[in-house]
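*Asks:* These protein sequence lines are chains D and Z, in that order.
First residue of the first sequence: 1, per my numbering; consecutive thereafter.
First residue of the second sequence: 1, per my numbering; consecutive thereafter.
Take the hints with a grain of salt, since some may be wrong.
[As the list claims (entries may be wrong)] Every beta carbon over 12 Å from chain D, so not counted as near; a handful from chain Z, in silico: (1) Arg-1; (2) Asn-12; (3) Ala-20; (4) Asn-22; (5) Ser-28; (6) Gly-54; (7) Gln-63; (8) Tyr-70; (9) Leu-74; (10) Arg-76; (11) Thr-108.
[Claimed, not checked] Below are the DSS-like pairs computed for lysine-lysine, each with C-alpha atoms no more than 27 Å apart in a straight line: (12) D:Lys-57 / D:Lys-11; (13) Z:Lys-42 / Z:Lys-2; (14) Z:Lys-45 / D:Lys-11; (15) D:Lys-11 / D:Lys-71; (16) Z:Lys-45 / D:Lys-57; (17) D:Lys-57 / Z:Lys-2.
Note that these hints are calculated values from the structure, not bench results.
If you're wondering where the values come from, they're calculated on a predicted model, not measured in any experiment.
Backbone N, C-alpha and C fix where the C-beta goes; we use that ideal spot for every residue, glycine too.
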Amino acid sequence: DTGVSQDPRHKITKRGQNVTFRCDPISEHNRLYWYRQTLGQGPEFLTYFQNEAQLEKSRLLSDRFSAERPKGSFSTLEIQRTEQGDSAMYLCASSHPRAGGGSYNEQFFGPGTRLTVL
Amino acid sequence: RKEVEQDPGPFNVPEGATVAFNCTYSNSASQSFFWYRQDCRKEPKLLMSVYSSGNEDGRFTAQLNRASQYISLLIRDSKLSDSATYLCVVRGSTGANNLFFGTGTRLTVIP
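So that you can see chain Z by itself, here it is in the shape it has in the complex (with noise of 0.2 Å):
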C-alpha cells in the first residue's frame, strides 16, 4: 500500500467555484503533513501546512483528521491561476525527514 493516496483527477472547474481535494495516509504514526503545489514542469512548493486544528490560508483551507487519517484541501473562489498539481505530503514518525508524496491531483480551473 502506498504511504499516501491521492485521487490524480484531473479536476476541470469554472472560475469562481469551489473544489476540495483529499488525500488518505497509510503510517498512523506519521507527524506533519503539508499541501504542496506544482506547476507543470515546475518543482513542488509548500502551499501550506496542516494542523490538526485545521487551518486557512486565504481562500485555502486545510483539515486533518487523523483518526481517519484523512487530510484536505478546500479552494474556495478558484483563480485561473490556481491551476496546478496539489501535492499531499506526509512526513513520517518523528525523527524522519523525508517526505511522502501523494501521486499529485490535477486542477485546471477554466474561464
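Okay, chain D solo, but in the shape it has when bound (with noise of 0.2 Å):
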C-alpha cells in the first residue's frame, strides 16, 4: 500500500501524559498537514509543513502540541500533559504540488489516529 500511514492507529492514555503520533506520507509527497477531527465535525487544519519547513500553524496547536519532519518525510506529531479535551482522531495528508504548477494539489489522507483521553 502506497497511500498515507499513521501510526498508531488507536491511543488510550491517562490525562497528564504525552503521546507521539507518526505519519509517513506518500512517497514524494513534499507537503504534509495535520488535522483534528472530533464526532460529529469535519477535520480542523493543526499545521503544514513543506518538506522540512513548518509553515503554517493553526491557532488551535496549543504550546502542548509540537510537530517535526525533521527529514522532509515522515513527521510526528505530540502532544504533551494530555486533556480529555485532546480526544480526536488526528488524521495525517499529504500532497505533491501539481505537475506545470497549479493552485491546487489533491490531499490524500491517512487513517487516521484515534487518540482517547481518560
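Assembly of the complex is requested from the two constituent chains, each provided in isolation within its own frame, with the hints serving as guidance.
*Replies:* Written out as C-alpha cells, the structure is:
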C-alpha cells in the first residue's frame, strides 16, 4: 500500500501523559498536513509542512502540541500533558504540487490515529 | 462565523432518488472548492473538485456560485454505496495550503 500511513491507529492514555503519533506520507509528496477531527465535525487544520519546514500553524495548536518533520519525509505530532479535550481523530494528509504548477494539489489522507484521553 | 457551513442532515433517501447538498463559505477570497466523501470511521477522500462553470462526474454534479458563496452537490439515482458523510471543503485565498471543512452531511440510502 503506497498511501499515507499513520501509527498507531488507536491510542488510549491517561490525562497528563505525553503521546506521539507518526505519519508517513506518500513517497515524493513534499507537503504534509495534520488535522484533528472530533465526532460530528469535519477535520480542522492544525499545521502544514513543506519539506522539513513548518510553514503554517493553526491557533488550535496550543503550546502542548508540537510537530516535526526532520528529514522532510515522515512527521511526528506530540501532545504533552494530554487533556480529555484532546480526544479526537488525528489525521495526516500529504500532497505534491501539480506538475506544471497550479494552485491546488489534492490532499490524500491517512487512516488517522484515534486518541482517547481518560 | 465558521468558514464553511453545512446542514449536517441526516438525509435518508430511497435507492434511485436524487438528493442535493448545499453549503456556504464565508471567505470571499477562497480559491478552490471540493466535495470529500468520508465513510464511517474512515479517512476523507476527494470526491470531486468544484469549478465555477459547474462540473459533472457520472451521477454527481457540483456547482459553485461565487456571488452567493454557495456550493452544491447533486447525486442522481442514489445507490446504497453512496451512503456516507459528504464534506464541503474550501481552500483559502491564494497561497493558502490548508483546507476548511464543513461539518459534513450524512447520507443514508435506503433499499
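*Asks:* Does each hint fit the structure? Answer for all of them.
*Replies:* Hint check:
1. Arg-1: holds (15 Å)
2. Asn-12: Z:Asn-12 is indeed farther than 12 Å from all Cβ atoms of chain D, at 17 Å.
3. Ala-20: Holds, because the least Cβ-Cβ distance between Z:Ala-20 and chain D comes to about 19 Å, which exceeds 12 Å.
4. Asn-22: Consistent with the label, Z:Asn-22 stays out of reach of chain D, its closest Cβ about 15 Å off (over 12 Å).
5. Ser-28: holds (16 Å)
6. Gly-54: Non-interface label on Z:Gly-54 holds, nearest chain D Cβ at 17 Å vs cutoff 12 Å.
7. Gln-63: Its Cβ never comes within 12 Å of chain D, the nearest being 18 Å, so this holds.
8. Tyr-70: holds (17 Å)
9. Leu-74: holds (20 Å)
10. Arg-76: Given a closest Cβ separation of 24 Å, the condition holds.
11. Thr-108: holds (15 Å)
12. D:Lys-57 / D:Lys-11: Status holds; Cα separation ~24 Å.
13. Z:Lys-42 / Z:Lys-2: holds (24 Å)
14. Z:Lys-45 / D:Lys-11: holds (23 Å)
15. D:Lys-11 / D:Lys-71: The hint holds at about 25 Å.
16. Z:Lys-45 / D:Lys-57: holds (23 Å)
17. D:Lys-57 / Z:Lys-2: Given that 27 Å is the threshold and the Cα spacing comes to 18 Å, the pair holds.
In this structure, every one of the numbered hints holds.
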